[in-house]
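*Asks:* Okay, here's what each chain looks like letter by letter:
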Amino acid sequence: MELSTPSPQGASGFVSPNWVTTRLDDLVNWSRANSLWPMAFGTACCAIEFMATAASRFDLARFGMERVAYSPRQADVLICAGRLPFKLAPVIRRIWDQMPQPKWCISMGACASTGGIFDNYAMVQGIDTIVPVDVYVPGCPPRPEGLLYGILLLQKKIKGESVFDPSLRVEQLADQRGLFLEPAAVDELSEPFGNSVHQTRSA
Amino acid sequence: MSGAATANPSVAALRARFGAAIGRSAVVHGATLVHVARDRAHEAFAFLRDEPSERYDYLVDVTAVEYRDRELPLEVVYHLRSIPRNAFLRVKIALDRSGPFEVDSVVDLWQGANWLEREVWDMFGVRFAGHPDHRRILMWETYDEGHPLRKDFPLRGRFSRAEQVRRALGADLSAHYSMDELSIADAYGELPADMRQRLKGAAAPEGKGRSS
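Line by line, the protein sequences are chains A and B.
Under my numbering, the first sequence is numbered contiguously, ending at residue 203.
Under my numbering, the second sequence is numbered contiguously, ending at residue 1212.
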């Protein structure tokens, strides 16, 4: 952030320490990026790495995430740490809907991002089919450094936002029954990947 | 494989009592397994639990097996243990492919069968006649793709991913996680006296009924 201080060549050479000028965007983004309160949605082993990240050795608090909110209403960033079964899909969606704007989402680990090794009937193939995701952290599970890097990327992303961009916070449902994405996009995102078995559906 | 000398004597007792309703038996890795005909299974289980010489007081597990060979019947498997006698018995009920997949519930004999039988219903589609709470347990109530552990169930489910997401998002949250279900208030009358005493200090439940 660039802060400009008043010129030292004032009328009497007096420098006021009491005011600075800056762009509103910079100020808002700086405060948002450095006070992210995570809503940890931990469902599997990634949650263990998340706990390690939050604990003293890696210390999430260094990046302004001092307070881990276990209430979605006091949270800014949803961290989905772990696989998400379809049975939890409406739960995470409701949590996302309960979080006030501005809000962001980190998809932590292979399972949250793509379904991972669980390419089966019970598992959501990437939480980006349920909620909009800002940063994907790869790994199975990611090390705390990985999650921290993801958080720093999110901070970088937030610092590039504009308060006056009307399109940023708009979430439009693609259909009446709750999809964010077009059905074709969901199917494409959920295609088997890596060495998954390509299995034809019976119907 | 099967040696009469090492077989659990409960099999002989069952044969003496139920005759032709008791199918083949075997000793596999030291554990005795016995097949029981479906229509007399409940009777046989009651016998195994209540007969003084048997006393199988603990139902360890209820599960089911479907073999890849489509000729073979689907089997419901019960693991029984007698704690006072330190004995173990595996009982199987073979369900013919043509007939209905339905057996009598044993919840009236062992309370612990309740969730186990619900899981078998959810995953294999075997009905348990007389079950007090015959619902799915792992998948949600409105899950409509069938019973996932059956061999004819495709691994990735029957619907497209978009349809699965849509249906999952449309599911009613309060339908799967009712506070009633988590509450121990219903079982208050059956709790041990000392636990009831302890709970009485906090909040005495007022005969709350299930709202299912």
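Worth flagging that the hints you see were computed from the coordinates, not collected in a lab.
Don't take every hint at face value.
EDC-like cross-link-like pairs, simulated, lysine to aspartate or glutamate; straight-line CA separation at most 16 Å [to be verified]: (1) A:LYS159 x A:ASP134; (2) A:LYS87 x B:GLU1145; (3) A:LYS87 x B:ASP1039; (4) A:LYS157 x A:ASP26; (5) A:LYS87 x B:GLU1054; (6) B:LYS1092 x B:GLU1102; (7) A:LYS87 x B:GLU1141; (8) A:LYS87 x B:ASP1122; (9) B:LYS1092 x B:GLU1075; (10) A:LYS156 x A:GLU191; (11) A:LYS87 x B:GLU1075; (12) A:LYS156 x A:ASP25; (13) B:LYS1151 x B:ASP1122; (14) B:LYS1092 x B:ASP1039.
Reference listing, derived: stretches of chain A covered by chain B, where coverage requires no fewer than 3 residues with Cβ under 8 Å from a Cβ of chain B [stated by the list, open to error]: (15) 116-127; (16) 144-152.
For every residue, glycine included, the Cβ atom is placed at its ideal position computed from N, Cα and C.
*Asks:* Now look at each hint and say whether the structure bears it out.
*Replies:* Against the structure, the hints come out as follows:
1. A:LYS159 x A:ASP134: holds (13 Å)
2. A:LYS87 x B:GLU1145: holds (14 Å)
3. A:LYS87 x B:ASP1039: violated (36 Å)
4. A:LYS157 x A:ASP26: holds (12 Å)
5. A:LYS87 x B:GLU1054: Not satisfied, since the Cα-Cα distance of roughly 42 Å exceeds 16 Å.
6. B:LYS1092 x B:GLU1102: holds (13 Å)
7. A:LYS87 x B:GLU1141: holds (10 Å)
8. A:LYS87 x B:ASP1122: holds (14 Å)
9. B:LYS1092 x B:GLU1075: Answer holds: B:LYS1092 to B:GLU1075 is near 6 Å, not above 16 Å.
10. A:LYS156 x A:GLU191: violated (30 Å)
11. A:LYS87 x B:GLU1075: violated (28 Å)
12. A:LYS156 x A:ASP25: With a Cα-Cα distance of about 13 Å, the restraint between A:LYS156 and A:ASP25 holds, given a limit of 16 Å.
13. B:LYS1151 x B:ASP1122: Roughly 14 Å between the alpha carbons, so the hint for B:LYS1151 and B:ASP1122 holds.
14. B:LYS1092 x B:ASP1039: Distance ~13 Å between B:LYS1092 and B:ASP1039 Cα, so the pair holds.
15. 116-127: holds (count 6)
16. 144-152: Answer violated; 0 residues pass the 8 Å Cβ test.
Going down the numbered hints, you'll see the structure goes against 3, 5, 10, 11 and 16, while the others check out.
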